[in-house]
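Using the hints, build the complex out of the two chains.
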Amino acid sequence: MVNYLIVLFAVTLIYFASAERLSTYVRLVALQGLLLCGIAVFELKEVNLANLLFIVAETLLFKTLLLPYLLSRIIRKSGVTKVHRQAVSGFYLLLFSIAGLLISVILAVILVNPFINSIYLAIALFTLLTGLLLIVTHKLIISHLIGFLVVENAVFLFSLAIGNEMPMLINIGILLDIFVGVLILGFFGLRLKPHTNELTMLKD
Amino acid sequence: MLLLFFILSLALSGVTLLSRNRGLTRAFALAFSALLIAITVHAWINRGNTELTWFTYDSTAVLLLSVLTLLTLPTVYHGFIYTRDDTVKRLNIYHSGLIALMTFMAGAYLANTMTVLWIFVEATTLAVAVLIYHDRTEMALEATWKYVFICSTGIALAYLGILFLGFIYGRGDAPNLSFSSFSHVISNANPLYLKIAFIFVLVGFSTKMGLFPMHTVTIDAHSVAPPPVSALISTTLMNVGFLAIYRVYTLFSGTPALSFMSNVLILAGVLSLLIAAGYMLKAKHLKRMLAYSSLENMGLVAIALGVGGYGYYAALLLIVLHSLAKSSLFYQMGQLSRILHTFRLDESGRYMKLYPAGAMVLMTGMICILAIPPSGMFISELMILRAMVVNGQWLVMALTVILLCYIIYAMSTRIMHVSFSSPRNDSELLQPGMVSPVETVSQFILLALVIMICFWQPPFLTDLISTSISSLPR
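Read top to bottom, the protein sequences are chains R and Y. The first sequence runs 42 to 245 under the working numbering. The second sequence runs 42 to 515 under the working numbering.
Take these hints with a grain of salt, some might be off.
Think about it this way: if two alpha-carbon atoms lie no more than 20 Å apart in a straight line, the pair counts; the simulated SDA-like pairs of lysine to any residue are [said to hold, decoys possible]: (1) 394/Y <-> 323/Y; (2) 187/Y <-> 176/Y; (3) 187/Y <-> 173/R; (4) 236/Y <-> 148/R; (5) 236/Y <-> 151/R; (6) 130/Y <-> 228/R; (7) 323/Y <-> 463/Y; (8) 323/Y <-> 447/Y; (9) 236/Y <-> 144/R; (10) 236/Y <-> 156/R; (11) 180/R <-> 183/Y; (12) 187/Y <-> 219/R; (13) 86/R <-> 160/R; (14) 123/R <-> 82/R; (15) 236/Y <-> 153/R; (16) 187/Y <-> 123/R; (17) 187/Y <-> 167/Y.
On the chain R side, residues computed to face chain Y include the following (Cβ under 10 Å) [claimed, not checked]: (18) 51; (19) 83; (20) 151; (21) 154; (22) 185; (23) 189; (24) 233.
Rather than coming from a laboratory, the hints here were simulated on the basis of the structure. Cβ atoms here follow ideal geometry from the backbone N, Cα and C, with glycine treated the same way.
So that you can see chain Y by itself, here it is in the shape it has in the complex (with noise of 0.2 Å):
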């Protein structure tokens, strides 16, 4: 089924991209959308199953592979939208390029074992290059080089972590680099090379995973790409990022190297929340704005990782929720900049006046994202909080409250003054453009699951999350 899969969304990626007609793509993109819901339903019924020897349906992959599924229809929806106005070829370079970025990520999902992994991120920094590149602007080629050049350097970090394992183990045994078979001869290893390898991998993912100090290239990616792509690289990119992270953490978490670990962790969350609020104070694009945004989440879900306990259910928690408030703030843009043609927040205001559905998105989606209740993310913000209590870590709690702070006031200021303020400079305001209410429903669907999370978790997703966290200590 999974080659299936995976033979598939390269016919169909590759067929796009010959399409002449507009209709043909669009189907095609719809088609690989069905496909990917296929095989999500594949990993459920056979979650803890192995297939073609380098895949396993494990419950940290079904997880990020449903969270995927989930934004992949308004993903193409909001695609096609964006692109109604290119020509046959750039779409077609759209959507080829979005079904090979969507089953790259959903091979870097289910890999078990580092090498492939690695393979299918480094594969994700090919297809989303496509992607930011799309507009053909001096800024997108400046920002695609960016992050094709700084992924590639860190990914090739990344691989030295990777190589460091393969030191671990001995030639003999090198090709066995899975997660299953590393687990039983890790806990002889040298903790220095442990040590090493994760900063490797730690610095390399980084790029993907937008965490201190490799963050500034999604950062850049995201003032150009179109606002769907930004929707991708913010969460489920970035998802790919955290995996590979957290499954060496999870390797070497019975080792002396775990209190190493956490420190560097907590030192990259604090960092980047320290990066992030400094940034959004100053912050003149909307897009960069909520750039820093992932930012902050993304030190957020380091720190939970870092100090443990609580903080490990409550990391893969705000991956998950995350990702659905942020896509949909991310889709939204896309509106925004149509009604407003700009994402400068000196250009920008009365959007409760111009757009009254996607102020409110814009204003759900903040308080979702910025933790307030009744946003599920709340939950798992006070989870980290209390695993912080619980081991003691009384300065980080100090330094998380206080940055938190910063950027709840940054975030909510600038979102009131697009919603309700008048543009400070609108010399160059243009005629507002007009947008069907209807393109918002997908986005508010996403913030509803964000709250409902905040009432009630589902029986199958805190089984999946601690499932997922059973091999962590406690």
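Next up, chain R with everything else stripped away, as it sits in the complex (with noise of 0.2 Å):
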């Protein structure tokens, strides 16, 4: 069951880099925050209940429905509905990801370990090229803002395969940088004008 739900994941980022309606970037970040909570009550079989409820409820209520709840509203505000200003077009964003998908692959059959599933490895790996991807080709600061939210799913992929054994240390550093991705969102997605890429008054 866990490896489906990882698939499906796969498919979520395959689909970021040929989406162009920004509605369908929030979606597929919900999808992304309940695929994950998914995968965590399947995998982390040998964890107290009170960390598993506590990894529960970030994957809801910050990933499925916050996070996304805060991105509606940007894009509520800005008016903008596709992203229209990418560096590179869509054709090639695809070819990108499918290339990352193979890197992704090869590399975790090179870092096989006894300690993690391959599978895993692969898909958090695919997560955070995706993730480097949509910040590096798109030019709209929402675009940057969601990039950065599948870089934090795959840093949650990474630490979910080693889970049973995580301290509560580690989803204190995970509800750390959910807070900063609210932060984000929240504070400086509604002031600066995040339908633009106007970030040019710095500079030498």
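And the structure:
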């Protein structure tokens, strides 16, 4: 079951490369949160109930509900519906994404380790590459925000891979990361002009 | 004692935010300084001891904590001056953020596990964001956004590096990610994992250290941050990033990944020098120029670590001296902006005539930061070059010397212009401000310490640095 969820998670990442509407991006972020919740529930069998509840609450409340809500608010406020400012065209983005998937799979095979499931490793690396790709290839600030959230999901997926023996400290780390995510979305997302790329005042 | 420090510091940060009286806010900031001095004395007395499981007073931590403590009072003092025209609310936010930032930095220095260190580094991002946004301008918002966004992405990457360490360790041992327990099992680890973990940690914490390729974030932050905050970002906060990279480097130094790490550090260092030299030659903003100077020095530190041998000692000495010299220059920027009303080079000039004490700080600081004798930084840079000669790193040495020449030319011509020439563009020249020369006292003291190191290194300093590098290969 976990493997199906992880593969579904990978599909959402490929969808990111081909989607053009910001609302699709938001739905994908919410879906990723839900999938991460499912993966956590099925994977973390050895952790105590309190810890599991904490992780489920993190994924459901923050990743599936709060962050997509904040993103939707920013999009509504800006009035922009399409990701029409990419540094590279959608076709090349899709090619890059598939290349990223291949690189991730090759790396996961090279890095085979008795302590970690290779599928986890491959998809987590792919998530990281997709997040960085979204940040680098898109011009709108809102796309950068979504790229950052995808990178955060990569971190979460990695940490789930060794989650059974994870101390509470790592959960605090994840929570702190989400806190920064909320800060970025809630504060800067609303104060900056998220539908533009007008970050040009500071330069040499 | 440490628990008390954290509780009291965070409480002081909280009550400062709620204070309705300027005097009370300042008293809280001073009380925090006293608290930091107390915990530093405690750390010196208890060197090598562990407290609260996750914190150890090891030599490197004590060294960097002492640097932070040394800079606390001047930073608080210059902060008082910078915020004297602010509303009570903004004064409170500033000092609350400052107290929180210094507390988190102290926590990061003392942390003995990567996870705790990472949490404190992440926390410093939030605290410093409040301080960069202090002036509430559009530029400040842009710089803060860039800082939080890039730092958070970088720190997420660093976290991946830490998780890779977890994979090396195996599930059963994952909770014990402390530096000391790690060193026992690291020799059996797959070198490929170590290399990947190091790359993630280096790139991630470069956002804090201000090293290539994540240097842009701190450069932009300097353009708008209040000068006393710039002084901290450029020194003690960079030291936090350095410490995180240094901890992992030390941990892996006994493995086959050592040569890979050294090469990566040298490459990052040389590229940092190249970027710094290029941008300093076209710098038009004084604070940005100083920020590029920090990039140059962090590049030298990375090269020193990569070269090894004498370089290890030189790297730590350079970190300490750079903190003292650069902070005094940034404090001076606060006074310069009150005299000249600008940081733009084209609009600056005649500083020696308008404010001789400040111009003397600029000149002395320039000599110190460029490692020109009698600066103590000359000793550390000489040691780096010596290490290159001993290890036969001729190409790196040639590149370093050439780039340093460019940097010396770029910085000295600009500081000379500000001190002695007339402004190139004086159409919008405002009436020069008035600043008391007394404000430069703390800057002269810090620069005097840097010069003193050229002639005499106190035994406690050499002992602390030697102990810090004792676990590195000779």
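Would you settle whether the hint for residue 83/R is holds or violated, based on the nearest Cβ-Cβ distance to chain Y being less than 10 Å? 17 Å, violated
Against the 20 Å threshold, does the CA-CA distance of residue 187/Y and residue 167/Y hold or violate the hint? Answer holds: residue 187/Y to residue 167/Y is near 12 Å, not above 20 Å.
Assess, step by step, whether the Cα of residue 236/Y is no farther than 20 Å from the Cα of residue 153/R, and give holds or violated. With a Cα-Cα distance of about 15 Å, the restraint between residue 236/Y and residue 153/R holds, given a limit of 20 Å.
Double-check residue 189/R for me: the hint is only fine if its C-beta lies closer than 10 Å to a C-beta in chain Y. 6 Å, holds
Minimum beta-carbon distance criterion (10 Å), residue 233/R to chain Y: 6 Å, holds
Residue 236/Y and residue 151/R were given as a pair; does the straight-line alpha-carbon distance stay at or below 20 Å? 13 Å, holds
Mind checking the alpha carbons of residue 323/Y and residue 463/Y for me, to see if they're no more than 20 Å apart? 19 Å, holds
Verify the interface restraint on residue 154/R: the C-beta must sit less than 10 Å from at least one C-beta of chain Y. For residue 154/R, the interface hint holds, since the closest Cβ of chain Y sits about 6 Å away, which is under 10 Å.
Given the hinted pair residue 187/Y and residue 173/R, is their Cα-Cα distance within 20 Å? At roughly 15 Å apart (the allowed maximum being 20 Å), residue 173/R and residue 187/Y satisfy the hint.
Straight-line alpha-carbon gap residue 123/R to residue 82/R, limit 20 Å: 34 Å, violated
Does the structure keep residue 323/Y and residue 447/Y at a Cα separation of 20 Å or less? 11 Å, holds
Holds or violated: residue 236/Y to residue 148/R, with C-alpha atoms at most 20 Å apart: 13 Å, holds
Taken one by one, the earlier hints fail for this structure at numbers 1, 14, 16, 18, 19, listed in ascending order.
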